[in-house]
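There are 2 protein chains.
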Amino acid sequence: MADRKQATCIAPVNIAVVKYWGKRDENLILPINSSLSGTLSTDQMCAKTTIAISKSFQRDRLWINGKEQDATGKRLQNCLREVRSRCGSEIEGCHYHICSVNNFPTAAGLASSAAGYACLGEYFEYKEGITKIQFTIRQGSGSACRSMYGGFVKWEMGNKSDGSDSIAVQVTPESHWPEMEVLILVVSDKKKGVSSTSGMQTSVKTSKLLKYRAESLVPKLMTEMETAIQQKNYQAFAEITMKDSNQFHAVCLDTYPPIAYMNDISHKIVQLITHFNQYCGEYKACYTFDAGPNAVLYVLAKDVPQILSAVCHYFPCTENHDSYIQGLSNYSDVKEFPKEIENTICLDPIPGSLTGIIHTRVGSGPRVILDDNESLLGGDGLPKC
Amino acid sequence: MADRKQATCIAPVNIAVVKYWGKRDENLILPINSSLSGTLSTDQMCAKTTIAISKSFQRDRLWINGKEQDATGKRLQNCLREVRSRCGSEIEGCHYHICSVNNFPTAAGLASSAAGYACLGEYFEYKEGITKIQFTIRQGSGSACRSMYGGFVKWEMGNKSDGSDSIAVQVTPESHWPEMEVLILVVSDKKKGVSSTSGMQTSVKTSKLLKYRAESLVPKLMTEMETAIQQKNYQAFAEITMKDSNQFHAVCLDTYPPIAYMNDISHKIVQLITHFNQYCGEYKACYTFDAGPNAVLYVLAKDVPQILSAVCHYFPCTENHDSYIQGLSNYSDVKEFPKEIENTICLDPIPGSLTGIIHTRVGSGPRVILDDNESLLGGDGLPKC
Numbered sequence: 001m002a003d004r005k006q007a008t009c010i011a012p013v014n015i016a017v018v019k020y021w022g023k024r025d026e027n028l029i030l031p032i033n034s035s036l037s038g039t040l041s042t043d044q045m046c047a048k049t050t051i052a053i054s055k056s057f058q059r060d061r062l063w064i065n066g067k068e069q070d071a072t073g074k075r076l077q078n079c080l081r082e083v084r085s086r087c088g089s090e091i092e093g094c095h096y097h098i099c100s101v102n103n104f105p106t107a108a109g110l111a112s113s114a115a116g117y118a119c120l121g122e123y124f125e126y127k128e129g130i131t132k133i134q135f136t137i138r139q140g141s142g143s144a145c146r147s148m149y150g151g152f153v154k155w156e157m158g159n160k161s162d163g164s165d166s167i168a169v170q171v172t173p174e175s176h177w178p179e180m181e182v183l184i185l186v187v188s189d190k191k192k193g194v195s196s197t198s199g200m201q202t203s204v205k206t207s208k209l210l211k212y213r214a215e216s217l218v219p220k221l222m223t224e225m226e227t228a229i230q231q232k233n234y235q236a237f238a239e240i241t242m243k244d245s246n247q248f249h250a251v252c253l254d255t256y257p258p259i260a261y262m263n264d265i266s267h268k269i270v271q272l273i274t275h276f277n278q279y280c281g282e283y284k285a286c287y288t289f290d291a292g293p294n295a296v297l298y299v300l301a302k303d304v305p306q307i308l309s310a311v312c313h314y315f316p317c318t319e320n321h322d323s324y325i326q327g328l329s330n331y332s333d334v335k336e337f338p339k340e341i342e343n344t345i346c347l348d349p350i351p352g353s354l355t356g357i358i359h360t361r362v363g364s365g366p367r368v369i370l371d372d373n374e375s376l377l378g379g380d381g382l383p384k385c
Numbered sequence: 001m002a003d004r005k006q007a008t009c010i011a012p013v014n015i016a017v018v019k020y021w022g023k024r025d026e027n028l029i030l031p032i033n034s035s036l037s038g039t040l041s042t043d044q045m046c047a048k049t050t051i052a053i054s055k056s057f058q059r060d061r062l063w064i065n066g067k068e069q070d071a072t073g074k075r076l077q078n079c080l081r082e083v084r085s086r087c088g089s090e091i092e093g094c095h096y097h098i099c100s101v102n103n104f105p106t107a108a109g110l111a112s113s114a115a116g117y118a119c120l121g122e123y124f125e126y127k128e129g130i131t132k133i134q135f136t137i138r139q140g141s142g143s144a145c146r147s148m149y150g151g152f153v154k155w156e157m158g159n160k161s162d163g164s165d166s167i168a169v170q171v172t173p174e175s176h177w178p179e180m181e182v183l184i185l186v187v188s189d190k191k192k193g194v195s196s197t198s199g200m201q202t203s204v205k206t207s208k209l210l211k212y213r214a215e216s217l218v219p220k221l222m223t224e225m226e227t228a229i230q231q232k233n234y235q236a237f238a239e240i241t242m243k244d245s246n247q248f249h250a251v252c253l254d255t256y257p258p259i260a261y262m263n264d265i266s267h268k269i270v271q272l273i274t275h276f277n278q279y280c281g282e283y284k285a286c287y288t289f290d291a292g293p294n295a296v297l298y299v300l301a302k303d304v305p306q307i308l309s310a311v312c313h314y315f316p317c318t319e320n321h322d323s324y325i326q327g328l329s330n331y332s333d334v335k336e337f338p339k340e341i342e343n344t345i346c347l348d349p350i351p352g353s354l355t356g357i358i359h360t361r362v363g364s365g366p367r368v369i370l371d372d373n374e375s376l377l378g379g380d381g382l383p384k385c
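Just so you know, the sequences run in chain order A and B.
Quick note: the first sequence uses full-length UniProt numbering, first residue 1, plus one each step.
Quick note: the second sequence uses full-length UniProt numbering, first residue 1, plus one each step.
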């Protein structure tokens, strides 16, 4: 272990409520608009990553969820090159072994790479102690910079051409709005979609509506969303979140050729939430969809039982009830959906359309684990399992 | 028959390639942007309507496809009131019997009411001989005014507040581009969607992207589309058609609550056409979707066999082969899809996802049938069957 340095970090997933879509600079990873997200608790979902540096390593190696991956990819290497140039002679001639695991199914199609890169960021921030490290981890995944803090986090697009003012800052810590919980509805879908990297490139090139949205609509949305969060105004938060998600997917459809990340089940979820809110006369849940069919619902803790009951009624589990809901709730917590509401909501249940539900909350940012027993790499620099 | 006047008309369906979505005046039916459509041949699809006026009729009555309908609806009555005020004392104390049939399944969700109202328009134009009648029939269905002519037709939005310059004019007659054929892919879908009337009202109220599209993007699209049609430039025509359809559906998603007219099968059709065109290195087909999941493909006659072969390969018929394709082609005309193209198109066939295909072409406008034997109403003023 003498010539080897290593650290293990845990980093969260973040889910945007004002979406990032499109770069104005592909090399510096500078966005065409500011964005804002909630950081999800690492208790339910996180990436745990061990990074080791040693002169004895022959080459960079990368393991994700137990499987060795190609470590020569452009994004990872850009990121590591940046790290090398920062660390200087101290790590000259060294190579990296990086081992990362998610504690949630990657099949969920959730932004797992952002969490992985945020680990890398946390590790070097721990060493460097500056927010400049955001620039480095954005080389890996743009939105990863928003996973560097807990609570609600905004990524200011900035104006400078060198990107030095394009940084993520915390809007409110996780203690500000502890009632804010999250339900992730994982939609059954095997199709391989368009990656967000290539999708946003095509959108920037072809969608006139994206340009208009980024320049003329998002600045106002950002201000309104920050105010809603600071005032803990759920009604405003919910409406902006849903409208922003709708508009992001509208822009994807306006892309040429068009990109449809939401599928029929996604749209049924939208209908359920819309009808349920209308029945209640106020927002009880709001949806947002990233570059895939899964729905993420931001819901206040007091309303979670009602929403879970509605979701389980219209998207019933067909097998493995015990594992259908994971996290803060269990399937045994789910109450029967009231007949009187069912009669006003014109939807037919679609059994088997979700593979599961993850119940979590807005939580804290990444952290370094100092206990070496928690390392994912053994004494030989290879994954422990 | 002495105190009775009647006429029978046949009117076509039109399918927009630059979409109409949103009114700037709900009473005068004035659109927020100009639109442009192809008129489809009445040989394959049309509405046939007989209108009779008599003092002996006790009340207005309406039959559509053999079933009596409510004749007190606002749209029809607005339309008839307008007619009464134009015709004056001649028809005082009279009531209408109107009988209309479509020669295509209304289940196809195609714009059948436009054709019906165009019949009404043709009948009174026949009597009045002026294009002012467009104002009247727009009271029934806005886009019906584009069914008043054959070939390609534009509806100029106009600027005057009384709507007097908001009129449909022919861009080119059907003889200009006789090679232009049309395949309608009827998608199996039982869900009741949002009507286009209420959908566009909500879009106008809530979608910021719609406003931008109508004001800043459509004027240029209209000019480009007219040029493409006048020059018979299929490559330009195809690209504008697809981009405009994408943008219309993007605006529907940006509506709040969002409207998704296209479903998973619609998006698979988009993928097939996109991949097939990419394989060919030029546009061989272009898609457009109205307020429903059905695809309408504009295809040059020379390319129809290839496109039919592709559609039948990826959306194969599971029953009633003989009736799967109607109109200008038969199922026996369909050639096997070449293996070498299949290998480059990454799509799985989805059997049973279409209920059928209608093969037609751009055709002529409405016409009055003078032969009384063709009337849908008998001597008693009631439907013959």
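Since the hints were derived computationally from the structure, they do not count as laboratory data.
Here the structure is a predicted model, which is why all the values come from computation and not from measurement.
Some hints could be false.
Since the list can't tell identical chains apart, any single copy or any two copies may satisfy a pair.
[What the hints assert, rightly or not] Straight-line Cα separation of at most 20 Å, DMTMM-like style, residue types lysine to aspartate or glutamate; simulated pairs:
| no. | residue 1 | residue 2 |
| --- | --- | --- |
| 1 | K208 | E224 |
| 2 | K160 | E68 |
| 3 | K339 | E68 |
| 4 | K74 | D372 |
| 5 | K67 | E215 |
| 6 | K55 | D162 |
| 7 | K384 | E239 |
| 8 | K384 | E340 |
| 9 | K67 | E82 |
| 10 | K339 | D322 |
| 11 | K160 | E239 |
| 12 | K208 | D70 |
| 13 | K208 | E239 |
| 14 | K232 | E68 |
Handout entry: Hint check, failures only
Key = 2, 3, 4, 5, 6, 7, 8, 9, 10, 11, 12 and 14
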